[in-house]
Structure formats: C-alpha cells, structure tokens
Amino acid sequence: MQYGNFSYPLPANEPVLSYGPGSAEKKRLKEVLSELKSQQPDIPMYIGSKEVRTKRKVAIHPPHERKHVLGYFNAGDEKHVQQAIEAALAARESWSALSWENRAGIFLKAADLLATKYRPYLNGTTMLGQSKNAFQAEIDAACELIDFLRFNVHFLSEIYSQQPVSGPGMHNRLEYRPLEGFILAVTPFNFTAIGGNLPTSAAMCGNVVVWKCANTQVYSANMFMQILKEAGIPDGVINLIYVDGPTIGRVCFNHRDFAGVHFTGSTGVFNNMWETIGKNMGNYRSYPRIVGETGGKDFVIAHRSADPDVVATALLRGAFEFQGQKCSAASRAYIPSNIAEAVKKKLVEGVKSFKMGTVEDFTNFVNAVIDEKSFDKISEYISAAKKTRKRKYGLVENVIKKKVILSSLQ
Amino acid sequence: MIEAKDPKYVTMCEEIFGPVLTVYVYPAGSFEKTLELVDNTSPYALTGSVIATDRSAVELATNKLRNAAGNFYINDKPTGAVVGQQPFGGARGSGTNDKAGSILNLYRWLSPRTIKETFNPPVDYKYPFMQEK
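Sequence lines, in order, name chains P and R.
For the first sequence, this note's numbering begins at 1098 and goes up steadily by one.
For the second sequence, this note's numbering begins at 77 and goes up steadily by one.
Chain P extracted, bound-state conformation:
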C-alpha cells in the first residue's frame, strides 16, 4: 500500500576520493589491503538462501602477484544453473509485488554501505583481484557503482511517473511490469561497477536474476554480493554462480522462462548468445530482451590545429590506464604530419616514465593485465608487429613490450 508519490530526486555523482599523501582514505585502504591479503576466504555461490560450496575450489591470485592466494571460489556445474533459475523464479512473486519504495530502499542502502564502510573493501578486492591501482578502483568499484545504484533509482522513479493522458469519462494508466521470467546477467572482469550494475538494474525493476560474473572478478563480486545481502536484498532475487559460459547458455537459453540477457563482454560471445536465443525462439514464453555491450576499437583523431601536449596526454591516459583493458581504451590514433614528431616524442617520454608494478605500491601507474591468456594474446600482436618491422611497419619503441612482460611474469 502506497499513501504518497515518493520522490527520488536526481542524485549528485559520488565524489572521487584522491588518496593523496597522508589522507585518511589512503591509510584505511592500505589497512584493508593487508587485511584482505592475510585471509583466504572460501567464496560460495549464492543460490536462493544458500551459500553453495563444491569440491571444485579454484584459487584466486592477484594478476600482479601470481604466487599469492587471495582465496578460493567454488565452481559450479549445470545443476547449479538450474538451481539458480529455480531460486530466482521462486522469489519472483514476492519480489515483484514488493512496493517500489521498499525495493528502492535496498539499492539506496547498498549505495550508502558501499560509500562508507565497504568502500575500502570493494576497492581493495578490485585492486587485488583485477590489478587496478587505487584511483582506477575508486572511480570504478566505489564511485561508478554507487552512481549506478542511485541514478537508476531516480531514473526508474521517472519512468513510473510517465503516464498517458485520459479523455473524458475515463482514466488511463501505465504500469511498468517486470518481465515474466528470469534475467541472465553475464558480466566482465574489467569493471566491478558493471558486475554490480547488470544484475541490479534488472532486479530494481522487479525482475529476478541469475548472475554469472567472470571467473577473474569473483573476488570483488563476492564482496558486492555481501553488500547487497546486508542492504536487505531478499534471497533468490540475485543468484550469483560461477559456471562456465557454454553451460550457462545451454541451460538458460533453453529455459521457457528465460526473459532476457544483460551482457557485457566480447562480440563473439554476444553473437553466439543471439544465435542460440534465435534458434530457441519457439520455446520461450515471451520474446527475450537481448542487451549487450561488447568490444571497441576506440580512436583518437587529432587535427593539424591540435596541441601536441593535449594529444599525447589523452593517448597516454586513454590507452594505458588500467593496462588498456577498458572497452573505451584508445587503441588507434591518427596524428597529422605537422605535429607527429612532437606527439611521438611526448608519447615515448611518457611511456618510458610509467612506473609499473603491484597495486599496493601507490606510485605505480600501470599494473598487470588480467591473466595469462590475455598476456599471450597481447604478446602475439606485439611479436607480429616486431616481425614486420624491417618490411613495412615500424615500431616506435620497445618500451611497452618489456613493461607488459614484466607485469605478468611476477
């Protein structure tokens, strides 16, 4: 029962903490990093009210410190996907019937918990598990995820207030129902915030969710799940499982109650999903929603009127922060001949000056790429470019190659 039209005004963006010298947030984050490194949690899957552990314990290592073990996650199989779907569908009736203000309250509380006592924990697990420096973790795991939660509450309340006109003698209204079934959220390693947003945006609307995060993001995803639990999300509304992609797809995309997929990841995987869903079209209760953000080959084009310093700085930050592992990372640049020498000089100087290493040393700008598979793929491109050097193409510098190799071998 609702006795008022409650308002959720446009929030302000969560302020980015600086972690400057001597700051309280830096001190606290360092304490939490040591605390996290002193523990080895046995991370369960979250299915309905159960914390599910299996015999398949997978060790989690910091990408920049492969010898260290941060903890273990419990890998699941096909039956866990089925259980997660069942748990989601069992929660659906009561969750979709819960009043908007009580749904909204859960996500706003999660945002506040994350902004305060859990901030160093979600940042810390992101830093250690995904090899992000303190600033990259802060703008992702803390600020962006807090913003997603608060802004989505505002946006959804705006949607609910969009209503049709009514002619004489009638009243017209729109109710914005959740989808009939469950949503599958498949999330990537590179942003903890995307990991949090893809399941919560759908859940906020009254949907129930099966969430599969990347194996390389389980460490921070588990922390966010604990925040959601503390904020009061009912059991079964978001079920977090660690099962390989093809198995998840086989079970979810064959299920009559599959209502949509919220995806961020590679174009190839997304294309496969779309094809599989298309083939199974006759089996579904409704037409599933297919929402995905995939790859990029992001450009910077400079005009001859551009300031070389502006160009070089945009490229050094845009291409190399978080080791270029953002969907939006600059990876191809078009530089006009009149400023090319000046830009190249700045770029080479900049890259040479990058300090690289662990996330616990806050002076490092660059950390490690996510895993060996990624390292090998990147190395192949670099080796191929080196081979062509004497023929058609030239390498400006070998500096980055050494840096990349260092980062993953440690």
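Incorrect hints may have been included.
[Said to hold, decoys possible] Label pairs and their computed distance ranges (CB to CB):
id, chain 1, residue 1, chain 2, residue 2, range
1, P, 1271, R, 199, 21 to 31 Å
2, P, 1351, R, 207, 54 to 64 Å
3, P, 1329, R, 151, 22 to 32 Å
4, P, 1136, R, 188, 39 to 49 Å
5, R, 150, P, 1255, 26 to 36 Å
6, R, 209, P, 1266, 27 to 37 Å
7, R, 207, P, 1266, 14 to 24 Å
8, R, 199, P, 1327, 51 to 61 Å
9, P, 1113, R, 151, 15 to 25 Å
Hint data in this document are derived by calculation from the structure and do not stem from the laboratory.
Values in this document were obtained by computation on a predicted structure and should not be read as measured data.
Every residue, glycine too, gets a C-beta built ideally from N, C-alpha and C.
Put chain R on the given structure of chain P with help from the hints.
Relative to chain P, chain R alone:
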C-alpha cells in the same frame, strides 16, 4: 606502441584489450579523407575522440563520425564516462547501445501494461450517425 605505415594494419583494426596503442601518421592536409578512414577501419563503434582547436574541424569530425562512436569526445580522452553525465554504449559491432546506467537501459527490463478504465460505459451499440439515412 606501434607506428603503422598501413592504416589498415591488423592492430589498427582488431581489438587487443591490452596496453597497445597503434599510431598512424596522416598528411596534415588530408583530415577529411582520414575521417573516412577512421569511420571504416573497424567493425566497432564504441568511443572516439577528436582533438582540435579549429572549430570547423571539430564540426566536420562530429558530423563525419556520427555513427563511428556511441560516446564521442571533443578535446578529451575516449575513456572515463561518468554515470548520469556521459551515458555509455555504442552500436555497430559494439553492442545494442542501450546505455547502461541511463533511463534508456531500464526500459529494456520493463514490460508496460496499459490500463483503461471507463467510468460511464455505453449501454447501446448504435452510434448517432446511424439515426438518419
């Protein structure tokens, strides 16, 4: 960092997802032709930047690259989108462009039901126009 002499060299086209930047130097007078190259080089259309102090160059790039990026930056790096300020996502091979963290994305998880309630329902099927020939 790789300097490519061929603007369609593999690292100018394929996503590597790592700290590799490929630079192509174009003749300073061929800006417009290079914009076409930018538009046609990769199957993706996620983010991109133009850097210029010349306003007409900014305008030309903004128009020519309309479909080359879902997040287009002028005199900035192409990363660092902020929720509520630069809704994020792209089309072409980069996705469905439903802009996570924006109102557009939330519509995808909702299925509206329209309800019409009539207060004084008619009791005769005949319309007024039927009362004369």
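Now the hints, each set against the structure:
1. Between residue 1271 of chain P and residue 199 of chain R the C-beta distance comes to about 28 Å, which sits within the given range of 21 to 31 Å.
2. Look at residue 1351 of chain P against residue 207 of chain R: about 59 Å separates their beta carbons, and that is inside 54 to 64 Å.
3. Take residue 1329 of chain P and residue 151 of chain R: their Cβ atoms lie about 44 Å apart, and the range 22 to 32 Å is violated.
4. The given range of 39 to 49 Å is respected by residue 1136 of chain P and residue 188 of chain R, whose C-beta atoms sit roughly 47 Å from each other.
5. Residue 150 of chain R and residue 1255 of chain P have their C-beta atoms about 28 Å apart, which keeps the hinted 26 to 36 Å range intact.
6. Range check, residue 209 of chain R to residue 1266 of chain P: about 29 Å between beta-carbon atoms, so the 27 to 37 Å window is met.
7. Restraint check, residue 207 of chain R to residue 1266 of chain P: a C-beta distance of roughly 21 Å satisfies the suggested window 14 to 24 Å.
8. The hint said 51 to 61 Å for the Cβ distance between residue 199 of chain R and residue 1327 of chain P, and at roughly 58 Å that hint holds.
9. The hinted range of 15 to 25 Å is satisfied by residue 1113 of chain P and residue 151 of chain R, whose Cβ atoms lie roughly 21 Å apart.
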